[in-house]
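K.L.:
Sequence:
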Amino acid sequence: MSVNARWPVLATASLVGLGLVFGAGVPADAAPAAPVVTRAGLDPALVAGRGATVDFAEQEAENATFTGSRIGPDRAAYTVAGEASGRTAVKLTPGQYVEFVLPAAANAITVRYSIPDAPTGGGITAPLKVAVNGKRAGTMTLTSQYAYLYNQYPFSNDPTADLLHPDWWITECGCVPSATTPTPEIVKPFRPMHFFDEQRMLLGRTYRAGDRIRLTASAGAAWTVIDLLDSQLVARPHVDLVAANVLLFGADPTGRRDSAAAFDRAIAFAKRARVEVYVPPGTFQVNRHVIVDDVTIEGAGSWYTIIKGRQVTLAEPAPDGSVHTGVGFYGKDAADGGSRNVHLKGFTIEGDVRERIDTDQVNGIGGALSDSSIEGLFIRHTKVGMWFDGPMRNLRVTGNVIVDQIADALNFHTGVTNAVVRNNFIRNTGDDGLAMWSEKTANAGNTFDHNTVQTPTLANGIAIYGGTGNTVSDNLIADPVREGSGIHVGSRFGAEPFAGELTIKNNTVVRAGTFELNWKIGLGAIWFYALDKSIDARIRVTGDHYLDSTYNAIMLVSDWGVKDLYSINGVAFQDIRVDGTGTSVLSARVAGSASFANVDARNVGAVGINNCGSFGFKPTGSEFTVTDLGGNDGGGTTGPWLAPWELPNTITCDDRPPVVAPPAPTTW
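Residues -30 to -1, 1 to 638 (mature numbering (1 follows the signal peptide of the UniProt record, and there is no 0)) make up the sequence shown, in order.
Hints in this document: simulated from the structure, not taken from any laboratory.
Predicted, not measured: the structure shown is a model, and the values here were computed from it.
Please note that a few of the clues may not be correct.
Stated by the list, open to error - Derived BS3-like pairs (lysine-lysine); straight-line CA-CA distance at most 25 Å:
#1 Lys158 / Lys533
#2 Lys241 / Lys158
#3 Lys410 / Lys302
#4 Lys278 / Lys410
#5 Lys302 / Lys315
#6 Lys475 / Lys490
#7 Lys99 / Lys158
#8 Lys533 / Lys475
#9 Lys533 / Lys503
#10 Lys533 / Lys588
#11 Lys490 / Lys533
#12 Lys302 / Lys278
#13 Lys475 / Lys588
#14 Lys410 / Lys315
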């Protein structure tokens, strides 16, 4: 959907049998004088001290030199540009290129890209030529085999498929197709999503700052979209001569033979000998879970040690409902006591998951791991990067990269306590980036800190579902696409109630506040949702920055069917910066209350407060009360965002005002 010149009207192109939507193409720019390094598509100065500290430099393709066309900017779901980092990318036809200037010495690159699906699904492969300073440096093999989901939840890989659930209401017709006469015509492919994937490549030597890396599209794909390039200087492989080397137990570093049993033997020996397990450089085929308990497993580094497996169909469903297995390192089940003292570091887990089956345990890391740590892993193409089923305690997850997931990057499910997730980089998930889900047993005392979450194609960057004493701090979240937004606090999915205190502080959320396709209204960059029960814990939101929100910066909402049953009470916002909203700073569609102190806003597109309450529209005002604690400054098109006439509960309900796309955020 276009709202003004910053988000132009979409053009539709039918390519390789698929009606995929691209933003309007813009011709190439002149060559930049210097590399433009960004973080989540932003000037790094805007996010200093927030998000993960990473050892690569990000460059957006649209800021480089190219002979293709720019697509976007776009915020719409089901479009290629709408899933791009910064919401803009570069589209190439065969022979066209993007050329980046290295900002620092580098010997490795990562390319985020999209190429077409096969006409009936399943993906294609195509080469991408890599040259440095005009000389060939190698060829990347791009694939769309792990991209492209279609249709209704839990999705399909078949672009030609009919509706998976014709008895479900869909927003496209505002109807239940199977109960509607005449039956509505559904355009195929229906709801294409998850367009991007990425590839990494060691360049074989170190290149200097100022050297030029050119990526040239081949005839193997009708088009190639380049989103960004990450460049980095990878250290030499780590070597451990005193550990239990998996090669000595029969592991095959060529990847031709299955090495799962060799890993089991190495682990058993290491536990007896009280040494670590070492996995040297190589590609090791592992097609099932490796069960870990009281062991340390370290690779040569995630660029060198690759543990890769096929998804395997089970002869009969497992007791947990799984119908497949695949590569993964799992702690013991919590019902069996779980695992302890497990330390995993310095390797890649590469799965083979192309479809979403929620009962399948085909995650990179799983089970229950107490008093354990996970550090320096690279995980891709699994269903969930790390899914933990508690009760369990005292886990440290630090310095990992999790990309290209079918569902979440990490989920703390059921009774996870005193765990820390810090300094992890996450991109291109198919569900929440980071989640705490307090189903049956509350999660407590956990922290998500200094993580970067980019381009979740469904749901939220960070989501907290119930629990007590948890903290979300100093994270950077960018470009959520649909049915979610940046930070989410939700009483839903059968979670235990929020209790005690929830602390949300010093996070930056950019290009969020998405359009909710089912409700047909905008969400907030941060949003609170009372669906299963009221939210009345002590919630403090302090120091957050909400930048370039498509719709609102903040939303508190309940579902229409429970609007008179549940409320959200006493949320306190302090020292917040809002730089750009398409609509309001605050949208309140629930009974309850919130207070605001030192909340500064600029470039606000509509009235500062959209106060609908629980839609009783009583003469006494809205059922939602706003308290002004002072220091709330700034506004936009309608004046101050927090004006005296709006207080304490003036009904200002307008869920669908004209959207005014703000200018790009700048330093405050």
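K.L.:
Could you tell me which of the hints above the structure violates, numbers in ascending order?
P.N.:
1, 2, 4, 6, 7, 8, 13, 14
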